[in-house]
Structure formats: C-alpha cells, structure tokens
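These protein sequence lines are chains A and B, in that order.
Using the numbering used here, you'd call the opening residue of the first sequence number 54 and step up by one each time.
Using the numbering used here, you'd call the opening residue of the second sequence number 5 and step up by one each time.
A hint or two may mislead.
Heads up, incomplete: computed chain B residues facing chain A, CB under 7 angstroms, no partners named [claimed, not checked]:
id, residue
1, L19
2, G20
3, A258
4, E274
5, G275
Taking lysine-lysine and the BS3-like style, the derived pairs with C-alpha atoms no more than 30 angstroms apart in a straight line are [to be verified]:
id, chain 1, residue 1, chain 2, residue 2
6, B, K124, A, K144
7, B, K295, B, K124
8, B, K436, A, K117
9, B, K124, B, K241
10, A, K144, B, K448
11, B, K276, A, K117
12, A, K117, B, K227
Derived Cβ-Cβ restraints for the label pairs, each shown as a range [to be verified]:
id, chain 1, residue 1, chain 2, residue 2, range
13, B, T115, A, H149, 42 to 48 angstroms
14, A, R82, B, T115, 34 to 40 angstroms
15, B, K283, A, P65, 40 to 46 angstroms
16, B, T115, A, S55, 56 to 62 angstroms
17, A, S111, B, P498, 35 to 41 angstroms
If you are wondering where the hints come from, they were derived from the structure by calculation, not from laboratory data.
This one's a predicted model, so the numbers in the text were calculated from it and none came from an experiment.
Using N, Cα and C, we set each Cβ at its ideal position, and we do this for glycine too.
In case you want the letters, here they are:
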Amino acid sequence: MSEAEVRELLQPCTNLVGGIIHACRRLMREFGYINDDQKRILADIFNLSVAEVSGIISFYHDFKTTPQPPNTLRICTAEACQANRSRDLIKAVEAHLGSSIPCQSVDGMTSVRFVYCLGLCPNGPAVEINGQLVSNASTEQVLAHL
Amino acid sequence: MTTAYVSNDSFAHALGRGNVQDALTSQGIDCVDVGSYGLAWLEPLIEVDSAHGRVAFGPVTSELVPHLATLLNARTNFEDHPSFLGAIHEHSFLKSQQRLVFRNVGYAALTDIPSYSTLKRLLDREPKDIINELERSGLRGRGGAGFPAHIKWRTVADTPAAQRYIVCNADEGDSGTFSDRMLMEGDPDALIEGMAIAGYACGASEGYIYLRSEYPFALHELKRSISRAYEHKLLGKSIFDSDFSFDVQVFVGAGAYICGEETSLLESLEGKRGQIRAKPPLPAIAGLFNKPTLVHNVITLASVPSLFDIGGEDYGSLGVAPSCGTIPFQIAGNVKYGGLIELEFGHTVRELVEDYGGGTRSGRPFRTVQIGGPLGAYLSEAEFDTPLTYEAMQSIGAGIGHGGLVVFDDTVDLREQAEYAFEFCEIESCGKCTPCRIGSVRGKELMQRLPQTSNIDADIQLIQELCDVMENASLCQMGGMTPIPVRSALERFPEDFR
Numbered sequence: 054m055s056e057a058e059v060r061e062l063l064q065p066c067t068n069l070v071g072g073i074i075h076a077c078r079r080l081m082r083e084f085g086y087i088n089d090d091q092k093r094i095l096a097d098i099f100n101l102s103v104a105e106v107s108g109i110i111s112f113y114h115d116f117k118t119t120p121q122p123p124n125t126l127r128i129c130t131a132e133a134c135q136a137n138r139s140r141d142l143i144k145a146v147e148a149h150l151g152s153s154i155p156c157q158s159v160d161g162m163t164s165v166r167f168v169y170c171l172g173l174c175p176n177g178p179a180v181e182i183n184g185q186l187v188s189n190a191s192t193e194q195v196l197a198h199l
Numbered sequence: 005m006t007t008a009y010v011s012n013d014s015f016a017h018a019l020g021r022g023n024v025q026d027a028l029t030s031q032g033i034d035c036v037d038v039g040s041y042g043l044a045w046l047e048p049l050i051e052v053d054s055a056h057g058r059v060a061f062g063p064v065t066s067e068l069v070p071h072l073a074t075l076l077n078a079r080t081n082f083e084d085h086p087s088f089l090g091a092i093h094e095h096s097f098l099k100s101q102q103r104l105v106f107r108n109v110g111y112a113a114l115t116d117i118p119s120y121s122t123l124k125r126l127l128d129r130e131p132k133d134i135i136n137e138l139e140r141s142g143l144r145g146r147g148g149a150g151f152p153a154h155i156k157w158r159t160v161a162d163t164p165a166a167q168r169y170i171v172c173n174a175d176e177g178d179s180g181t182f183s184d185r186m187l188m189e190g191d192p193d194a195l196i197e198g199m200a201i202a203g204y205a206c207g208a209s210e211g212y213i214y215l216r217s218e219y220p221f222a223l224h225e226l227k228r229s230i231s232r233a234y235e236h237k238l239l240g241k242s243i244f245d246s247d248f249s250f251d252v253q254v255f256v257g258a259g260a261y262i263c264g265e266e267t268s269l270l271e272s273l274e275g276k277r278g279q280i281r282a283k284p285p286l287p288a289i290a291g292l293f294n295k296p297t298l299v300h301n302v303i304t305l306a307s308v309p310s311l312f313d314i315g316g317e318d319y320g321s322l323g324v325a326p327s328c329g330t331i332p333f334q335i336a337g338n339v340k341y342g343g344l345i346e347l348e349f350g351h352t353v354r355e356l357v358e359d360y361g362g363g364t365r366s367g368r369p370f371r372t373v374q375i376g377g378p379l380g381a382y383l384s385e386a387e388f389d390t391p392l393t394y395e396a397m398q399s400i401g402a403g404i405g406h407g408g409l410v411v412f413d414d415t416v417d418l419r420e421q422a423e424y425a426f427e428f429c430e431i432e433s434c435g436k437c438t439p440c441r442i443g444s445v446r447g448k449e450l451m452q453r454l455p456q457t458s459n460i461d462a463d464i465q466l467i468q469e470l471c472d473v474m475e476n477a478s479l480c481q482m483g484g485m486t487p488i489p490v491r492s493a494l495e496r497f498p499e500d501f502r
C-alpha cells in the first residue's frame, strides 16, 4: 500500500472522537501491525509527535508493532478460568510449544497470547481462536490448533 | 414454519451455537435471535412456542437437533426430548430472581423494534423532577464504587457548560463478571434508552459507549440497536417531537483493563494513552474534553428505564437501604450452575454459592470465593452468611464490586492467587504513579520468593508494608485495591503462605 493509500484509509478516522485509536485499529485490521512509516503518517494526520504516537500504540495490548502470524489463539488467564484449571491448560500448552506465552506456534503460523477475561466465566477455561469463542476448552482441543 | 428462539449470547456461541443454528435451519426451523437468560450451563438454550406458552431446551447440541426438529415440526411430545426443560421461568434458577434490568433479556427478540416508552413519558417532565425521583430510588453506581447516581446527575446538570456528555463505561474487565456483556448482547436498547434519559435529565446531547474490544458480539448488537433507533427517530434530532436531541456512538477500546477506570477511559476516548487523571476535578465537573460528563457503568444506565417504570419509591424499597434496588450478581468459576442472578441487595453469599450455584463443578470441597473482580477479597466459608450489601461487605473488608463471585475448590493455592493479583497489577498498571507501577512488581517478586525464603515473617511484614504504601499512595483504585485480594488471602488462608 502506498503512503497515499494509507492516508486515504485513515482519512475517515480524523473526524471521529479519539480518532487515532480508530486509525490504529484500521491499520491492525489491514496489516496486522503498525510499522514506523505508518507511525509517521499517524503523527502527521493527528498533529502529534512520533514519540506520542508510539506512546499510544505501546499502551494498548491490541496494537502490535511487529508482523504477526496469520492465526491468533488467546487463552484466558483470569481468575474465574484459573478456578477451572486454566493454569494446567497453560502449562500443557507451554510445554508443547517449549516456550512461555506470549509466543508463536512451532510452525510460526499462530500467535499464542493471553487475554484477560472473555466474559465466559462460568464455563472456563475460555479460549479464543481467530475470533471464535470456545468454552470448557480442553488441552487436546487447544493443541489441535498448534 | 416452526420458530425457535435461539440464544445469541457469547455463552451460546462459545458452546457451539453456530452449528446448532445451521442444523435447525436445515430442518426447516426458523431461528430468531434472543439474549441469554443467564443459565450458563444450559447454553445453547432454545425456546419454542407451545400450547402452554414458551418451553425451553438446553443444552442443545447439533447432534440433538434432528430428534428435536422432528418433535418441533410435529408440534408434539416436546417433553420426550432429553434436553427438554419446560417453561424456563419455572426453572429453580430463575423462578426466585427479581429481574428488573434483565426483564427483557432472553425473552425479547433482538429484532424487535423498541418503543422507548419510558423516555417518551419522561420527556414531559422537568429534568430536575426526574433527578429528584432518581434520588428517591437510591440507585448507586453498579460499576463497583457504589456512588449515589443522583449526585452525579445533579452535578452534571448544574455545572454550567455549552456541552455535556453521557459516557457509558462498557469496559467490563473484571474476571467473573459478564452482566454488562449479557445486557448489551440481550437488550442493548435498555442501555441506549437509559443513556437518552440521562441525557435529557442532565442536559447532554451526546453519548458514547466505551466498549472493550474483547466483546465483538456486544458490539454487533449495539450497532444494530443504535442504527435501528436512528431509523425510528428514537435517537437524533427532536426525539418524540420534543426539543430534546441525543446522539449515541460506540467507541471500541484496544485492550487495557485500566480503561475501566473512569478517568483513564476518558483519556482513551480522547485518543490518548489510557493513563488516569488525578481527581479532582471530578468527571461530572470536567470530564470528556473538560466538559461535565456523566460516566456510568452499563448496568447503572440500563437500570434507568425499569427504575422509572416501577417508580423511584418502589425501586428504593427493594434491598436494604442504603443499598437499594436490584443488582445482577454473576456466579462463576468452579461452580456447578453458573450464570446471572438478579436479586435485590441483602441476600447472602451462601444463597448464591450454595442455593443457586449448587456447589463446585469439580465435585471437590469448596475453599474460597473471590468477590468483586481481580481487586476483590477472597472470602472464607465463615463469611458466607454476610448479606450482599455495600455496607455489610465493607464491614468484612470486602466489596461487591461489579457483582461477580468466583468460586474455587480446595485445589486453589492462595499464595499463587496473591502472586497473580500483583502480577495482574503489573501488567495492567497505567504506569502513572509509582506505588502501583513499581509496587506491583516488588509484590510479585516477594510472593514468588516466599516458598524459599529463610525469614518468612520478615517477608510477610514487608508485603504488608508494601500493601500499606499501595493502598494509601496510589492515584487510583488499581494500585489502591490490589492489596485487597493479597491481604484477604494472607489473613484468611495463612497456611498457604508457609
């Protein structure tokens, strides 16, 4: 995408309250991460310094500054899921991957991350796989995606 | 054609609702989206019309659908199906609930066109008069702090300004809570109408719903409701041909627990880092873009239409004053029958955990309940008869918070939970004040070294001192309340730390 196209993509966000957050979300959806060139464009559009833009991006868990694998698997790490043995699930997944979460699957195709609460608290452990919610997630079920 | 009312709640989606709907449709059954009644273990739950009113089935799996479809299409012998539940309102989990905020959730189709009849009626009254009735209802903020709602409304209304805002805090981040999500997924119009009423009473013409990004289904329903409200002129210019105009927009957060703190939320909504602001000034005086702003949680605002329908006095007579009205409790974690329980204030923890929850899901002995989210206290069974009111909970060093109760069985290690409380604070701290930013890290380290430490009493003393600092010197409740789970665990379950 050329710089002009990126600017065009972000243009509708400039009139919105909290526009830069909307703009960052658009970039995430389009590219999966926000690169340095795009940070400069954001700074220009929203009349901020690049440092301020970096500060905003780094504050929010949803925004990434490095390329991400095509798939995302998020495991809930909150207390209600802990009560339903999510710690065991997390240990099994980390043992399978040989590294601690956040990390990537062995084939590099899936980003494995934590999420703090999906609002499915009576039916833990809860997992989200590419936006699909899964309740009562078993270790086998999760490993099948990795 | 047979119609099935199919729960469209995230609970149902996470338990295979998509496949169930496909299977029903392929059998010639028309599916209508409804919210969830909140009996989480029975999802996906569906209802159909029968000669005796609606009857429910759950949990329905796609494998169960062919048999079910045969019965539904033949309109007979429903009770032969293994997932048959009968009339859902007769179910013991629902029967004794007092549903006001959730009065429509589960029953009303998400495609129904709302009337906003409460708003229409209130537009004939003076804003001051509405706030006076709100005062008589005793409604307090349901987000966690329990601050009297009418004081906020009156402050916003009385602060001179060219622009005022209504901001709904839908950044429901607490573990063990899902009432905001369920309300937004099951009756988003209650929230939007509540915001409009607040807008009229406070003299605000713009409303924002700050929704966490983890709730995509809620986003979908909110958008559907907002555009429908505009279509039917229930939002926008001159609502019901009055002088009142009100606009509502949804703003989606980007993954930050701290944005559930109202000043951090406002910073985020303005397009900044979600760092908290020092108070004063209060948001009711100088909030969004420095204008008077009413910030309320989803349930507080969604309570408004039903509150005015039954009348402020009657609403205020529910509960145990000054904890008035009803609150949707949420029972979760290791519990047999988890879900949403709307009751007036004053019922006990035991009623929720034992009578509704039915014991642990694992079948193992119960050990503790964490009440009020990640910054809430771990209770022991000795405290189970404490009534659920703001005052009684405070007297045992706990809080109702957003009404979530997380049940743990005897495999829980409270030292691990206390360590997690610090770790959570470390991850989610906005970083503005030192006690929270650094204290959380040091607290986690101390908790981690406890099992190997040579002088445990000295370390626990150090943790207590650290908690003192965090409690007294943090700018907001994130750092200020992290000591609550830590101290409650240390006090009630000291054996786990030695």
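Hints and how they fare:
1. L19: 5 angstroms, holds
2. G20: 9 angstroms, violated
3. A258: This hint holds: B/A258 lies near chain A, its Cβ roughly 4 angstroms from the closest one there, short of 7 angstroms.
4. E274: 6 angstroms, holds
5. G275: 4 angstroms, holds
6. B/K124 <-> A/K144: With a Cα-Cα distance of about 55 angstroms, the restraint between B/K124 and A/K144 is violated, given a limit of 30 angstroms.
7. B/K295 <-> B/K124: 27 angstroms, holds
8. B/K436 <-> A/K117: 22 angstroms, holds
9. B/K124 <-> B/K241: 14 angstroms, holds
10. A/K144 <-> B/K448: The given pair, whose Cα atoms are some 19 angstroms apart, holds under the 30 angstroms limit.
11. B/K276 <-> A/K117: 16 angstroms, holds
12. A/K117 <-> B/K227: 26 angstroms, holds
13. B/T115 <-> A/H149: 42 to 48 angstroms: 44 angstroms, holds
14. A/R82 <-> B/T115: 34 to 40 angstroms: 28 angstroms, violated
15. B/K283 <-> A/P65: 40 to 46 angstroms: Roughly 34 angstroms apart at Cβ, these two residues miss the hinted range, so it is violated.
16. B/T115 <-> A/S55: 56 to 62 angstroms: Violated, since B/T115 and A/S55 (Cβ atoms, about 42 angstroms apart) do not stay within the stated range.
17. A/S111 <-> B/P498: 35 to 41 angstroms: For A/S111 and B/P498 the Cβ distance comes to about 39 angstroms; the hint holds.
Hints 2, 6, 14, 15 and 16 from the earlier list are contradicted by this structure; the remaining hints agree with it.
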